[in-house]
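**Q** Chains as they are written, first to last, in our numbering: chain V, 1 to 349; chain F, 1 to 349.
It is worth saying that the hints were derived from the structure and are not from the lab. Some hints could be false.
The calculated BS3-like cross-link candidates involving lysine-lysine, where the alpha carbons are at most 30 Å apart (straight line), are [claimed, not checked]:
id, chain 1, residue 1, chain 2, residue 2
1, F, K221, V, K336
2, V, K158, F, K221
3, V, K104, V, K158
4, F, K221, V, K301
Computed list of chain F residues with no C-beta within reach of chain V, every gap over 10 Å [said to hold, decoys possible]:
id, residue
5, R21
6, I59
7, I98
All residues carry an ideal CB built from backbone N, CA and C; glycine is no exception.
There are 2 protein chains.
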Amino acid sequence: MTPTVARMVAGRQRDLPVPIRWYSIPNIFRYEKPQRGRLREHYQLNVDIFGAEQIEADIEMIRLSSFIMHSFNATDEDFLIKINNRQIINDLYNHFEIPIKDRKIVSHLLDRQNKMSERDFERSLANILGKKTLNFLTVISTGRALAETLSRENENIKNLIVLVERLEANGIKNIQFTPTLMRGFDYYTGLIFETFDTAEENARSLFGGGRYNDLLTLFGKKSLPAIGFGMGDVGMRNFLETHDLLSELPSKTDLYICRASAKAETYIDSLAASLRQVGVNVEVDFTTRRIAGQIKAASKKGIPFITCIGEDEDVKKEVIIKDLKTSNETTVSENKIAQFLIERRSTHL
Amino acid sequence: MTPTVARMVAGRQRDLPVPIRWYSIPNIFRYEKPQRGRLREHYQLNVDIFGAEQIEADIEMIRLSSFIMHSFNATDEDFLIKINNRQIINDLYNHFEIPIKDRKIVSHLLDRQNKMSERDFERSLANILGKKTLNFLTVISTGRALAETLSRENENIKNLIVLVERLEANGIKNIQFTPTLMRGFDYYTGLIFETFDTAEENARSLFGGGRYNDLLTLFGKKSLPAIGFGMGDVGMRNFLETHDLLSELPSKTDLYICRASAKAETYIDSLAASLRQVGVNVEVDFTTRRIAGQIKAASKKGIPFITCIGEDEDVKKEVIIKDLKTSNETTVSENKIAQFLIERRSTHL
């Protein structure tokens, strides 16, 4: 998805004032063997900022990742945001004098480490790094060892420390510098980040992204720095199920109108129409069954309020609204019904 | 789409209290030659009511069709809702003693009338109706002639008159009884309705639906009356373009924060985070360009309000918010910013 969006932005680059913040939630498809967390069809949230190379854009992306998780009622203990930086990894490759031609292979090995046997992984790495293998693995396995190897004076390490400090100042503390975090895409140029489920039974990546400052130049336009992430609904659903955060959705209907008399039909027509006109969600019971049955239907649908309309209500121009949770009844004049219901919306969520 | 939804409802029929009101907006596909108003991929709003055979459900469907059109700022002059009833057509077929085996062919001919030459149409009809052809065509070409032929005492005609009267009482007057309206699907059993664009240059069907009381019995469950319609985005877009109703979408951003000093970055971080936490949409300018350039970007994005944050604002805990339309400036204390912006949302739409 990222190259597609990058291409669209590149095409309109002159008309769009920076920073450009774009998001989309397309229904997308891939031809792959379906597995847990990855299906052939899914919806994916894509979020990108174009035209901002500043660290503030990096912060905004990670903060947004955290905010989205919290908006699903996840706590900081439920997930961990791993971060890495391609430039730091380049500095490390320089430090270990790994030839340019071999770097992509090393990166791909690190990316696939969890999908290989330890023996295969180490043997493949040793083919490239020889006797430096053990030392390299020791350094790259922790952020602290890496920072000390490259020295804290390294410009990229310094920027990373600022990033972490500013995220912590914003209350985001479940971040972990993970030098082995690679993410497959070759177009990343700086920060990469990935959110993981901390639950042992679902210890997997949920979503991630990174900075890709050079991608837009591919489309023949001037360069435009960019950072973004993609988040699929399938992995998130697994996460929410694992942490029991997938709750029943509340009814969006504000009021259920029961029909107490067949003769009230014209009044019910106009009452429902006038409420809907101002944005109140109304369901009308069309049946002529007993009121108890109509109320039972409203209750089963999870609708918070009901009112029963007969010929009296049409004459009096006021109705009795019953709260199905508390059984409280309130007499409300016809022109105050919308206000009454809208004011009570939040208390029933 | 209708049979798919009907099947889903049939499968859960026991758990769902009637009337069941369902809607969905899926992204759907068809393998067909693309043409104006019909593409291979589109989004379609589907609305159905199950478990209500009463006329109130018919009214609700047509009223909703009208309401949707009005919510796109269409006026009653821009569209016409044609209605017909399969039972009335059956009564007419009985009146003309058209054999059962020929009725489907006659219906399909009427449905395709506008896609055939007049000569082909009349010749095909004459093959079935013989010398009754002219009389039949005269009767079916207007609602009034048909109602008089069947007599106003006909139960189905009486119901239709009640429907029209109650819709008119609800302010819906751009309805036209059109006996030749057939809609292709054989599963319709009662009311059928279709909304047409009245503009000559786009004189086409926009969307429609009908009652299908027998469809759910196909899925091996007990019968459940149903009525619904489907509305595609492609035809609606053509309609909106034709009537110049496709306006620019307003910005959803409430506030653009310009950065007056590089040292304000931490304060801007926390200010933006706290506003976003309470649902205010904030864009931050990450650049260090001149303030005039930052304001110009906000203006080009159509954002209604800006504020410039430097070191002063952090100390004073108040900001100056500028309305880009009126150029009015208001000093607002930090903890009132969200309220200030939310209160002013509707006035900028």
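**Q** Each of the hints needs a verdict: does it hold here or not?
**A** Comparing the hints with the structure gives:
At most 30 Å may separate the alpha-carbon atoms for a hinted pair to count; K221/F and K336/V exceed this at roughly 43 Å. With a CA separation close to 68 Å, the supplied pair K158/V and K221/F exceeds the 30 Å bound. Taking the CA atoms of K104/V and K158/V, the gap is about 25 Å. The hint holds against a cut of 30 Å. Straight-line distance between C-alpha atoms of K221/F and K301/V comes to about 22 Å, which keeps the hinted pair within the 30 Å bound.
Not every CB of chain V is more than 10 Å from the CB of R21/F (nearest about 6 Å), against its label as outside the interface. In this structure I59/F is not separated from chain V by more than 10 Å, as the shortest Cβ-Cβ distance comes to only about 7 Å. A cut-off of 10 Å between C-beta atoms confirms that I98/F is not in contact with chain V; the least separation is 34 Å.
In terms of the numbered hints stated before, the structure departs from hints 1, 2, 5, 6, listed from lowest to highest.
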